[in-house]
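Enquirer: Listed below, chain by chain, are the residues.
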Amino acid sequence: MQLEIHNIAKRYDQNRGLAPTSFNVVKGELIAIVGHNGAGKSTLLKMLASWIVPDGGTVIIDGIDLKNRAAIVRKVGFIPEDPNLFDFFSVEYNLKLFAMLNQIPFLRVEAILDEFNLLPFRKTKVQALSKGLKQRVNIGRALLSDPPLLILDEPTSGLDFEMTREIYRLLNSMHDAGKTIIFTSHRPEEIKNLATRIMVLHQGSLIFDGLPGAYFQSEIHEQLYA
Amino acid sequence: MMRNILVLLFNDLAIAFKNKTFFLILFIPLFIFVSLNLIDGSKAETDKIKIGLVQDEAYAPKLTSSIKAAGKLMEITWVKNEADGVRLLKEHKIDGMLSKDEKVPSRLALLVLKRESLHTIAIVQSFSALQKAAEGRDPDWIATVNSLHEGGIQRQTLPTWILMLVLLIGFIILPAQIAEEKEKKLLLALLQTPIHEVQWLIAKLLLGMILIISAILLLHLLGQFGPVNFLDYMAFIVVGSFCFSAYGVCLGFLCRNQASARTLGVIFYLPHLLPSAMSDVSEKLTAIAPFLPSYQLYQPLQAILLEDGKLANMSFDWIYLFLLGLLMFYLSYLLMKKRWLM
Chain W
1 MQLEIHNIAK
11 RYDQNRGLAP
21 TSFNVVKGEL
31 IAIVGHNGAG
41 KSTLLKMLAS
51 WIVPDGGTVI
61 IDGIDLKNRA
71 AIVRKVGFIP
81 EDPNLFDFFS
91 VEYNLKLFAM
101 LNQIPFLRVE
111 AILDEFNLLP
121 FRKTKVQALS
131 KGLKQRVNIG
141 RALLSDPPLL
151 ILDEPTSGLD
161 FEMTREIYRL
171 LNSMHDAGKT
181 IIFTSHRPEE
191 IKNLATRIMV
201 LHQGSLIFDG
211 LPGAYFQSEI
221 HEQLYA
Chain Z
227 MMRNILVLLF
237 NDLAIAFKNK
247 TFFLILFIPL
257 FIFVSLNLID
267 GSKAETDKIK
277 IGLVQDEAYA
287 PKLTSSIKAA
297 GKLMEITWVK
307 NEADGVRLLK
317 EHKIDGMLSK
327 DEKVPSRLAL
337 LVLKRESLHT
347 IAIVQSFSAL
357 QKAAEGRDPD
367 WIATVNSLHE
377 GGIQRQTLPT
387 WILMLVLLIG
397 FIILPAQIAE
407 EKEKKLLLAL
417 LQTPIHEVQW
427 LIAKLLLGMI
437 LIISAILLLH
447 LLGQFGPVNF
457 LDYMAFIVVG
467 SFCFSAYGVC
477 LGFLCRNQAS
487 ARTLGVIFYL
497 PHLLPSAMSD
507 VSEKLTAIAP
517 FLPSYQLYQP
527 LQAILLEDGK
537 LANMSFDWIY
547 LFLLGLLMFY
557 LSYLLMKKRW
567 LM
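From first to last, the protein sequence lines stand for chains W and Z.
Numbering-wise (my numbering), the first sequence opens with residue 1 and increments by one.
Numbering-wise (my numbering), the second sequence opens with residue 227 and increments by one.
Simulated from the structure, these hints should not be mistaken for laboratory data.
Hints are all accurate, no fakes.
So the derived list for chain W, only partly shown, Cβ under 7 Å to chain Z, looks like this: (1) W51; (2) V53; (3) V73; (4) N84; (5) L101; (6) N102.
Sample of chain Z residues with no beta-carbon within 12 Å of chain W, all distances over it, derived: (7) F236; (8) I258; (9) L262; (10) N263; (11) L264; (12) F542; (13) F548.
Cβ atoms here follow ideal geometry from the backbone N, Cα and C, with glycine treated the same way.
Work out the full structure: start from the sequences and follow the hints.
Expert: And the structure:
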């Protein structure tokens with residue numbers, strides 16, 4: 001999996017958004033994107049997930065342009081901060097619906113239910129689940145098509161300690177399985193424990209891109225969390 | 227306690243303002259005021275009965291002279307032939323037409339739009355009074371009253387109810403569902419699968435059409451109303467449901483959330499419903515209504531259900547609805563591609 005991002009940009013009102021940004025990602029990286037609120041982290045991830053149409057620039061995943069959505073969807077799994085599931089249907093229904101749309105056999109749904117410890121909740125309506133469980137279903141859904149690139153927007157936001165640890169475990173196991181992962185976070189310990197590379201966005205611009213060691217020794221980290 | 231109630235009240239008012247509910251409070255009375263003005267443009271216009279007389283027909287001199295004498299009450303419009311009279315009747319240029327009665331040639335037949343209406347009663351009563359005054363005997367000028375619209379009151383109001391159903395689903399239910407999918411980011415989740423935007427749009431379009439057609443069929447079953455030309459009727463319902471479902475999908479794309487969709491839906495619903503449904507009672511509304519797509523559905527429905535109309539004579543209406551539906555579908559596609567308000 002090779003991700004090439006060249007001058008991708010998005011402007012909102014009042015000059016917010018993301019200035020032209022370029023970087024490359026290689027297979028197996030686990031990248032944390034950090035920055036204050038409004039720094040452009042979510043905007044960047046949403047553009048990679050085709051949720052937002054960029055104003056300009058190109059994104060190439062394994063030689064395929066992001067604009068070719070039909071070809072790219074199986075390569076990218078996006079997990080937004082707030083789980084976007086059909087609340088009034090069961091966990092199983094949600095997974096089977098997306099399996100059908102992805103043309104994936106239902107056996108994969110069973111595997112996901114098992115892997116994410118969701119078997120006891122398979123008939124439970126999503127609206128009756130805690131946020132942590134919903135997030136697990138959301139990650140499971142994103143993994144249905146086994147995409148090589150996973151993008152997570154603040155995956156542990158609003159979760160308790162237990163659920164946060166569970167998400168870390170899932171991220172680590174997915175990383176060990178060879179997946180490339182990009183996630184945003186506000187938690188220094190999360191970044192320290194998980195990331196193999198850190199990128200810092202500030203007011204829509206990429207101001208740091210390097211290894212965790214270099215980041216935690218830099219002034220940028222101190223300024224961010226001062 | 228009072229303070230908290232006030233704080234909550236102001237918060238609710240702010241929400242109503244934010245989600246544009248306030249616009250409805252301004253829009254609905256304003257719209258009804260304009261509609262009422264169009265119906266009752268002037269008192270003279272509504273009071274005077276306009277009677278069509280066929281040029282080649284031989285009317286009793288007392289009849290024509292009586293009508294002319296009652297100039298403040300009635301007005302004669304000379305029509306070339308019966309077909310011309312029917313046209314003027316449909317356009318609300320005349321209130322009724324007198325022609326020779328087929329069964330009793332010495333007497334007259336009155337043709338009106340609807341038999342069971344206050345307007346028809348007023349016309350018959352006026353003629354009775356005129357004859358009594360002119361000849362001093364029991365009224366017998368009018369032998370029969372025929373109506374352009376067949377069936378009783380229930381059937382005559384059927385096109386209005388059907389239009390209401392179509393617009394309710396097209397402008398209120400469908401946009402709200404689409405806005406909900408956008409608001410909860412469900413549509414974006416679906417777009418992370420290999421489905422094409424057009425597939426999603428077609429599914430929504432079919433949903434709207436199924437809801438509309440089911441509701442109409444249920445209405446027919448419950449009311450036991452059977453259309454005369456079933457195939458023509460169904461073809462028109464399909465084209466109409468296609469057009470207003472596509473319209474509804476497009477409206478849904480213009481809204482960020484359900485509250486906006488509700489407001490926008492009502493803003494579109496009333497102006498599409500009232501001028502068309504009330505065009506029967508006003509010449510001015512009859513002139514305005516054809517500019518609305520709802521009228522292109524309502525008018526043929528009325529013709530098929532009440533006047534035994536045929537689809538072949540309504541080419542303009544169904545082509546108009548079909549093309550408008552296609553345009554709305556294309557606009558929805560463009561908005562979806564741009565991830566508009568998603």
